[in-house]
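Chemist: If you want the building blocks of each chain, they are given just below.
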Amino acid sequence: KAGVTQTPRYLIKTRGQQVTLSCSPISGHRSVSWYQQTPGQGLQFLFEYFSETQRNKGNFPGRFSGRQFSNSRSEMNVSTLELGDSALYLCASSPDGQGAREQYFGPGTRLTVT
Amino acid sequence: GENVEQHPSTLSVQEGDSAVIKCTYSDSASNYFPWYKQELGKRPQLIIDIRSNVGEKKDQRIAVTLNKTAKHFSLHITETQPEDSAVYFCAAMRSSRNTPLVFGKGTRLSVIA
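One line per chain: the protein sequences are A and B, in this order.
So the first sequence is numbered by the working numbering: it starts at 1 and just counts up by one.
So the second sequence is numbered by the working numbering: it starts at 115 and just counts up by one.
Pulled out of the complex, with its shape left as it was, chain B reads as follows (with noise of 0.2 Å):
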């Protein structure tokens, strides 16, 4: 099955600095890359997600970046602000077989003002 691996686990930034969180997954099946960010004490919220058949896509101050021949993906986050502190997740799932979708660990993002 798929696996996903996320680094860093934790990562601190100052305020409007860029932040790049980076995940691998093992399926070179799998077609569908969300990201997603829980605040503390809330719900994950899907932040951006990313289809195989484009290598970066951007929304506002946040980009997604795959690389599938390395089976990597990336998120950018420019313009850091306090309201970006969070957990972020990354997962991947091959959307075309209704496997699972697989997360990685996640990441503890701080943003010091």
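The following block holds chain A by itself, in its conformation from the complex (with noise of 0.2 Å):
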């Protein structure tokens, strides 16, 4: 099966300015997360999509959004982008079920903000 892939892999925004970042599952994986990494502060989790609802939500303020489509493609925006919101943005897709909660993660979209 093809991996976890996102797009864009790197952009560059300027302060104020909004942001799309897509995430595409691994083929029947219906939960797709998003987290935030930068250095010294790990991977903060910021929400998780599952049947194109929202089951999770971490402590990001509002500018940060999330959607998922029926074919489980997900996207986040950033609204109103600040230079802290700088930082590597990976999603991760898991199968379905309770149980198996294996996460797979993507390569990133490193977005830097000027």
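Worth double-checking, as some hints may not be accurate.
Here are the simulated DSS-like cross-link-like pairs (lysine-lysine), alpha carbons at most 30 Å apart as the crow flies [stated by the list, open to error]:
1. A:Lys1 with B:Lys171
2. B:Lys185 with B:Lys171
3. B:Lys136 with B:Lys185
4. B:Lys136 with B:Lys172
5. A:Lys57 with B:Lys182
6. B:Lys171 with B:Lys219
7. A:Lys57 with B:Lys136
8. B:Lys182 with B:Lys171
9. B:Lys136 with B:Lys156
10. B:Lys185 with B:Lys219
11. A:Lys13 with B:Lys219
12. B:Lys172 with B:Lys156
13. B:Lys171 with B:Lys151
14. A:Lys13 with A:Lys57
15. A:Lys13 with B:Lys156
16. B:Lys136 with B:Lys219
17. B:Lys171 with B:Lys136
18. B:Lys172 with A:Lys1
19. A:Lys1 with B:Lys156
20. B:Lys171 with B:Lys156
21. B:Lys182 with B:Lys151
22. B:Lys156 with A:Lys57
23. B:Lys185 with A:Lys57
24. A:Lys57 with A:Lys1
25. A:Lys57 with B:Lys219
26. B:Lys151 with A:Lys57
27. A:Lys1 with B:Lys151
28. B:Lys172 with B:Lys219
29. B:Lys185 with B:Lys172
Just so you know, these hints were derived from the structure itself, not from any lab.
Predicted model only: the values in this text are computed from it and were never measured.
Could you use the hints to bring the two separately framed chains together as a complex?
Modeler: If you want it as structure tokens, here you go:
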């Protein structure tokens, strides 16, 4: 099976702009989670989508939002970008079912806000 | 919610020695504990996981132990090699409640040849 893919891989934006990142999960996986990775902070959970519904949400401001489509592809949006939003954004997909929660990560989108 | 603490933040070992990374978790109901390895510039990859119904799991040079009473779990790497150099993340979750996976802040392991 093809792995998790993310587009774009690199992005440079200006403070105040908005950005949309895309994630295509492994075929058959219905859960997609998003994480923000910054040096020293590890992987901070943003949100999880399952069957087009947000199932979990982390402690991020409302400027961070997401959605999931019927084919399980997911997008996340960050509005009014701040310098502190510069990070690697990772998505991960996992199989359906409550027991099998292994997550498979995409390569990430490196966002730089100037 | 769940909180995962990971130690040490950095670890240097000589090639051939063993490395141990420890994590503690706060939610006694957590029952799934994966470990991820992230090499420089690459995505995190699952290397081993353990569920709460077992106390230890091994896969070649890698092993994970779980102490549910103390709420901690550890990653053991034996006979370390330079290619083991990476950042390792532990995580915990309640798989039965659809709660998110909560990660530790990571351990940067350097294996010195």
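Chemist: Is the Cα-Cα distance between Lys13 (chain A) and Lys57 (chain A) 30 Å or less?
Modeler: Judged against 30 Å, a Cα distance of about 25 Å means the pair holds.
Chemist: Tell me if the straight-line CA distance from Lys172 (chain B) to Lys1 (chain A) falls inside 30 Å.
Modeler: 26 Å, holds
Chemist: Lys156 (chain B) and Lys57 (chain A): Cα distance at most 30 Å?
Modeler: Holds. Lys156 (chain B) to Lys57 (chain A) sits at ~25 Å (cutoff 30 Å).
Chemist: Regarding the pair Lys1 (chain A) and Lys151 (chain B), is the alpha-carbon distance no greater than 30 Å?
Modeler: Distance of about 21 Å is within 30 Å: holds.
Chemist: Are Lys1 (chain A) and Lys171 (chain B) close enough, with their CA atoms no more than 30 Å apart?
Modeler: Holds. Lys1 (chain A) to Lys171 (chain B) sits at ~27 Å (cutoff 30 Å).
Chemist: Hinted pair, alpha-carbon criterion (30 Å max): Lys1 (chain A), Lys156 (chain B). Please report holds or violated.
Modeler: With Cα atoms ~19 Å apart, Lys1 (chain A) and Lys156 (chain B) stay inside 30 Å; holds.
Chemist: Is Lys13 (chain A) close enough to Lys156 (chain B), meaning Cα to Cα at most 30 Å?
Modeler: Distance of about 22 Å is within 30 Å: holds.
Chemist: Below or equal to 30 Å on CA atoms is what counts here, so check Lys136 (chain B) against Lys219 (chain B).
Modeler: The hint holds at about 12 Å.
Chemist: Need the status of pair Lys182 (chain B), Lys151 (chain B): alpha-carbon distance at most 30 Å?
Modeler: Satisfied, since the Cα-Cα distance of roughly 23 Å is no more than 30 Å.
Chemist: Sort out whether Lys136 (chain B) lies within 30 Å of Lys171 (chain B), counting only the CA atoms.
Modeler: Status holds; Cα separation ~15 Å.
Chemist: Do the alpha carbons of Lys57 (chain A) and Lys1 (chain A) lie within 30 Å of each other, as the hint requires?
Modeler: With a Cα-Cα distance of about 28 Å, the restraint between Lys57 (chain A) and Lys1 (chain A) holds, given a limit of 30 Å.
Chemist: Checking one constraint from the list: CA of Lys185 (chain B) to CA of Lys171 (chain B), max 30 Å. Satisfied?
Modeler: 16 Å, holds
The earlier numbered hints are all upheld by this structure, with none contradicted.
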